Amino acid sequence: MATIYIDNTPFEVPTGKNLLETCLTLGQDVPYFCWHPAMGSIGACRQCAVKVYKDENDTNGKLFMSCMEQVRDGMRISIADPEAKEFRAHVIGWLMTNHPHDCAVCDEGGACHLQDMTVMTGHNYRNYTFDKRTYINQYLGPFLNHEMNRCIQCYRCVRYYKDYAGGKDLDVFAAHNHLYFGRAEDGVLESEFSGNLAEVCPTGVFTDKTLKQHYTRKWDLTMAASVCHHCSLGCNITAGERYGTLRNITNRYNGEVNGYFLCDRGRFGYEHVNSVSRIRKSLVRSNLPEATDKLTALQAAAQAMRQGSVIGIGSPRASLESNFMLKTLVGEDNFHHGVSDTEHDLTELSLKILRESNAPTPSMREVEKADAVFILGEDLTNTAPMLALAVRQAVRQEPLLEQVSKANIPVWQDAAVRELVQTEKGPLFIAAPTITKLDALATQTYFSDPDAIARLGFAVANIIYPKSPGVRGLKNDDMHLAQQIADALMKAKNPVVISGTSSGSEAILKAAANIANALIAKEKEAGIVLTLPASNSMSLAMLGGHRLQSAFEAVENGYADTVIILENDLYRQASEGAVTNFLKSCKKVIVLDYLHNQTTEHADVLLAAGAFSEADGTLINNEGRAQRFYQVHPTIEDIQESWRWLGELGTIVAHDQISWWHGYDDILSAIVKEHPEMKGIEMVTPPSDFRIAGQKIPRAPHRFSGRTAMRANINVSEPKPAEDPDSPLSYTMEGYRGQPPSAMIPFFWAPGWNSNQSVNKYQQEVGGHLKGGDPGIRLIEPNPEHKFSYSAAVPEKFEPMDGHLFILPMHHIFGSEELSAQAAAIQERIPEPYIAINTDDALRMKLDEGQLMPFAIDGNLYQLPVKLSPTIASGTAGLPVGLPGVKFAELPAWAILNRELQWKQQHQTTY
Amino acid sequence: MFSLLRSMWLTFLHAFHKRDTIQYPEQKAILPTRWRGRIVLSRDPDGGERCVACNLCAAACPVDCISLQATEDETGRRYPEFFRINFSRCIFCGYCEEACPTYAIQLVPDFEMGEYNRQNLVYEKKDLLINGQGKYHGYNYYKVAGMAIGGKDKGEAENERPPVDVKSLIP
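Heads up: the sequence lines are chains A and B, in that order. The numbering used here numbers the first residue of the first sequence as 34 and each following residue consecutively. The numbering used here numbers the first residue of the second sequence as 212 and each following residue consecutively.
Just so you know, these hints were derived from the structure itself, not from any lab. Hints are not guaranteed to be accurate.
What the hints assert, rightly or not - List time: in silico EDC-like cross-link candidates among lysine to aspartate or glutamate, alpha-carbon distance up to 20 Å:
{"hint": "1", "chain 1": "A", "residue 1": "Lys242", "chain 2": "B", "residue 2": "Glu326"}
{"hint": "2", "chain 1": "A", "residue 1": "Lys242", "chain 2": "B", "residue 2": "Glu292"}
{"hint": "3", "chain 1": "B", "residue 1": "Lys378", "chain 2": "A", "residue 2": "Asp202"}
{"hint": "4", "chain 1": "A", "residue 1": "Lys794", "chain 2": "A", "residue 2": "Asp202"}
{"hint": "5", "chain 1": "A", "residue 1": "Lys804", "chain 2": "A", "residue 2": "Asp219"}
{"hint": "6", "chain 1": "B", "residue 1": "Lys378", "chain 2": "A", "residue 2": "Asp219"}
{"hint": "7", "chain 1": "A", "residue 1": "Lys87", "chain 2": "A", "residue 2": "Glu45"}
{"hint": "8", "chain 1": "A", "residue 1": "Lys165", "chain 2": "B", "residue 2": "Asp364"}
{"hint": "9", "chain 1": "A", "residue 1": "Lys87", "chain 2": "A", "residue 2": "Asp40"}
This one's a predicted model, so the numbers in the text were calculated from it and none came from an experiment.
Could you put together the complete structure from these sequences and hints?
As structure tokens, then:
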């Protein structure tokens with residue numbers, strides 16, 4: 034700790050930080066542009082100047098850029114010094130000479146860092162009388178809008194895009210006062226993290242294009258804390274609503290999970306909520322008209338329940354509460370996971386590994402700090418994008434720890450550090466079926482079939498810790514690589530092993546567990562991260578339940594005849610024939626969902642469920658962190674949370690437990706009672722009767738406008754504002770104005786800080802944890818006492834089969850996930866269906882790129898254009914998962930090649 | 212006694228003064244142009260809608276009686292998709308006019324807005340938009356803004372240089 038004097042007031046501050054972040058942590062307002070807590074300082078904008086004095090007798094002082102100055106004990110500085118103030122006002126005056134007169138039509142307006150800083154420095158009239166510089170904008174794809182005139186040349190965009198996120202196609206062009214930030218030519222930004230530019234840019238050069246289509250100022254949004262539903266990582270988001278539709282997603286800082294950034298799937302996938310295929314009315318098929326009111330639908334469902342024997346099918350994308358409610362309603366024996374059998378097994382295995390392993394599962398923040406990473410069988414950029422971004426930061430760690438600490442440069446001196454480190458990277462090993470976007474960073478990559486990857490993993494574990502079973506018949510090259518990986522992991526202090534369910538291989542997961550535990554046995558601070566198939570797969574695994582296949586059998590064998598399907602499109606979980614057969618043999622099908630899909634077409638009773646922004650609930654992410662998402666806005670008509678539908682259904686059929694539950698908190702305590710392992714979820718957020726100074730927490734900012742006019746066209750008499758019985762949040766701007774507990778921050782705002790840079794004021798220290806601790810409670814902690822039993826399930830070498838291909842699942846960030854694939858902007862980025870085969874195999878089979886290849890998996894016929902891949906193992910092929918137009922197949926699986934089909938030109942549907 | 216008579220005399224003289232009372236509604240009062248009455252949305256000198264849907268009027272409104280939604284035409288010109296003022300809530304404070312960066316929203320000298328049905332006091336854009344510039348003449352926001360819209364490309368606004376040639380190295 035050091036003592037510094039800011040305007041003669043002493044403060045105790047930690048050393049090693051720069052002056053700017055220290056001042057911001059202390060709550061002082063120092064303007065800045067080029068500095069960003071995640072990216073360090075480069076001293077480019079000259080905005081954060083403060084006076085630094087030699088000692089207490091020095092009255093003149095010198096101007097210093099606070100972001101470039103390290104905190105020293107006894108330092109005396111002045112922020113309020115007139116000369117420093119004038120300097121800052123001049124700097125912003127210069128930055129504004131070419132800034133257009135655009136605020137009224139700029140999407141950043143009202144949440145603009147440049148506006149905030151201009152007001153903070155007191156610059157208000159443009160003294161420069163000459164003409165303004167202009168630029169031609171570029172088309173940057175469906176996510177971002179480009180308005181280059183507004184640029185103030187702070188370089189944050191390229192520093193984020195290139196240095197932080199590893200993008201290649203955004204750069205700075207031209208020279209002196211003509212700097213141009215954009216692409217070499219118009220085109221879609223390639224990075225999967227491009228959306229963050231909208232938040233990184235301090236002004237309106239890069240803005241959210243989806244927001245532009247239904248533009249609303251930040252002050253007019255009704256916002257609530259939410260959690261991303263588009264992958265298993267559970268990034269924290271803020272969702273904003275106006276006039277009944279969801280308008281945008283912004284980052285909600287969580288120091289342990291997503292930090293300052295989000296991936297594009299998470300940021301732009303929200304539009305599925307506004308999609309035309311939304312279910313806005315409940316339907317009862319036998320009635321005419323089918324669309325009906327809440328009570329009729331409930332009664333129809335209750336009648337179906339009373340008359341039949343009921344089973345329930347849960348969902349990995351529904352909240353914990355909804356799944357638990359369904360499980361209680363139908364009974365534990367009749368509750369089935371609505372996931373494919375492979376997914377079921379892999380998720381349960383992942384949970385078992387996390388529970389029994391001695392290695393903890395690190396949060397994303399901890400992954401960023403890992404000094405060696407080994408990825409087995411995962412294409413992280415496509416299955417868990419933000420984890421890929423964390424790995425990108427992790428490869429910087431080792432050089433940072435070694436070289437930079439020796440060179441006596443603080444790590445936040447970004448430009449100097451990068452100059453010193455050059456292209457040096459820490460150890461990262463990737464073993465995957467085919468190329469991934471992280472390969473460029475990897476020390477070594479290994480492309481092979483899942484069995485070979487698992488064998489490599491087992492070999493690594495065996496080398497690290499001989500008690501872990503070894504692999505027989507490993508090739509010399511592979512043995513050598515295993516040795517190299519083992520050495521690198523052993524050299525590291527806190528290595529991380531990353532694997533997951535996306536490769537569809539149990540052996541890979543077991544190998545990863547062996548490595549992590551072997552490292553723990555060697556007293557390394559190792560961690561294991563496993564990605565899961567969907568946002569709430571973990572909840573489902575923790576709740577327990579039967580397979581989907583047994584649900585099919587239960588109906589087939591006459592054990593049950595009525596099914597309740599919760600937020601799940603079964604056609605994405607099992608083969609078309611099986612699902613259709615199942616749904617047809619059910620007497621009554623009750624479906625709760627928010628998007629129309631193939632399953633809802635078969636529903637006899639369809640209940641309109643709330644999408645993530647219209648529901649309260651809890652998600653448990655891949656590390657076992659339970660996080661609450663809040664309803665963002667009151668729902669129209671009869672849309673309500675699935676758990677509420679099921680609760681009302683339970684009350685009508687007089688279920689002996691459910692009838693006694695009144696509201697959200699009762700469900701949470703019931704979950705904890707039923708599943709002691711989930712103890713703590715009731716503390717994720719304060720209970721619904723929580724109040725600060727007797728007041729609720731407002732979802733809308735205090736400047737929220739139009740309250741007496743927005744509904745006046747329907748009726749000039751304003752209705753009473755909607756009430757939220759499930760949370761301590763109010764739907765209006767009335768309520769407590771200070772900072773709420775961290776888990777329920779509806780939006781970031783502080784006086785003078787309208788942009789999301791105001792998050793500084795919510796953190797314990799800048800870039801650290803939120804005040805009151807980061808949201809979410811981890812439910813799974815490793816047990817060091819437990820003796821881990823090393824898996825000996827080493828697979829045999831993969832043998833290709835003649836006339837067959839072993840089809841591996843290929844995931845795509847845009848398209849593979851069900852919900853985001855319904856969002857308009859994401860849809861523009863979804864790739865065309867294909868089948869990826871090895872170049873040599875293709876040569877042998879006389880297939881060319883783009884040619885249609887017919888094949889059959891499990892009796893289902895496919896005919897897809899060939900995509901040649903030099904890296905995918907011979908005898909295997911990659912089939913994209915979940916893309917529109919690609920039928921479900923339980924992958925990995927053998928496909929029978931049937932060239933006859935193509936020659937005879939049989940009539941066949943093309944998928 | 213004298214003062215009593217004097218007062219009566221003065222009062223009597225008033226019978227011959229010019230009347231302050233006017234025979235409203237047969238006779239209309241002449242209101243100053245700065246009178247804060249009915250709110251209108253004006254057009255720019257080229258006949259385009261002045262309102263760019265920036266939401267500042269709505270934010271400034273102390274009774275929150277303005278609501279609107281921004282949208283864009285195919286050339287990028289922003290305008291309100293709907294613009295609604297609930298005059299049954301309006302207090303005619305004029306803050307919206309002060310907040311407006313484009314002179315679009317103006318309070319005009321007209322107060323005859325009485326209605327029997329309160330619902331009729333909800334004015335939509337078609338009720339608000341006038342075919343003229345209102346009190347402020349000559350101003351066209353898009354002529355000074357940096358955004359390109361139909362008929363005004365980049366670098367064609369007032370006080371703007373032609374767009375930068377990114378490939379040039381000449382200072």
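| task | Mind checking the alpha carbons of A:Lys794 and A:Asp202 for me, to see if they're no more than 20 Å apart? | result | violated, 34 Å
| field | Restraint check for A:Lys87 with A:Asp40, where alpha carbons must lie at most 20 Å apart | value | Distance of about 13 Å is within 20 Å: holds.
| task | For the pair supplied as a hint, B:Lys378 and A:Asp219, confirm whether the alpha-carbon distance does not exceed 20 Å. | result | holds, 15 Å
| field | A:Lys87 paired with A:Glu45 [C-alpha distance capped at 20 Å] | value | holds, 19 Å
| query | CA of B:Lys378 to CA of A:Asp202, is that 20 Å or under? | reply | This hinted pair holds, its Cα atoms lying about 17 Å apart.
| task | Below or equal to 20 Å on CA atoms is what counts here, so check A:Lys804 against A:Asp219. | result | Given pair A:Lys804, A:Asp219 is violated - Cα atoms ~42 Å apart, limit 20 Å.
| message | So if I understand the rule, the pair passes when the alpha-carbon distance is 20 Å or less; does A:Lys165 with B:Asp364 pass? | response | holds, 14 Å
| said: For a C-alpha distance cap of 20 Å, please report whether A:Lys242 and B:Glu326 respect it. | reply: At roughly 42 Å apart (the allowed maximum being 20 Å), B:Glu326 and A:Lys242 break the hint.
| Taken at face value, is the distance from the CA of B:Glu292 to the CA of A:Lys242 at most 20 Å? | holds, 18 Å
Checked against the numbered hints given earlier, the structure breaks hints 1, 4, 5 and satisfies all the rest.
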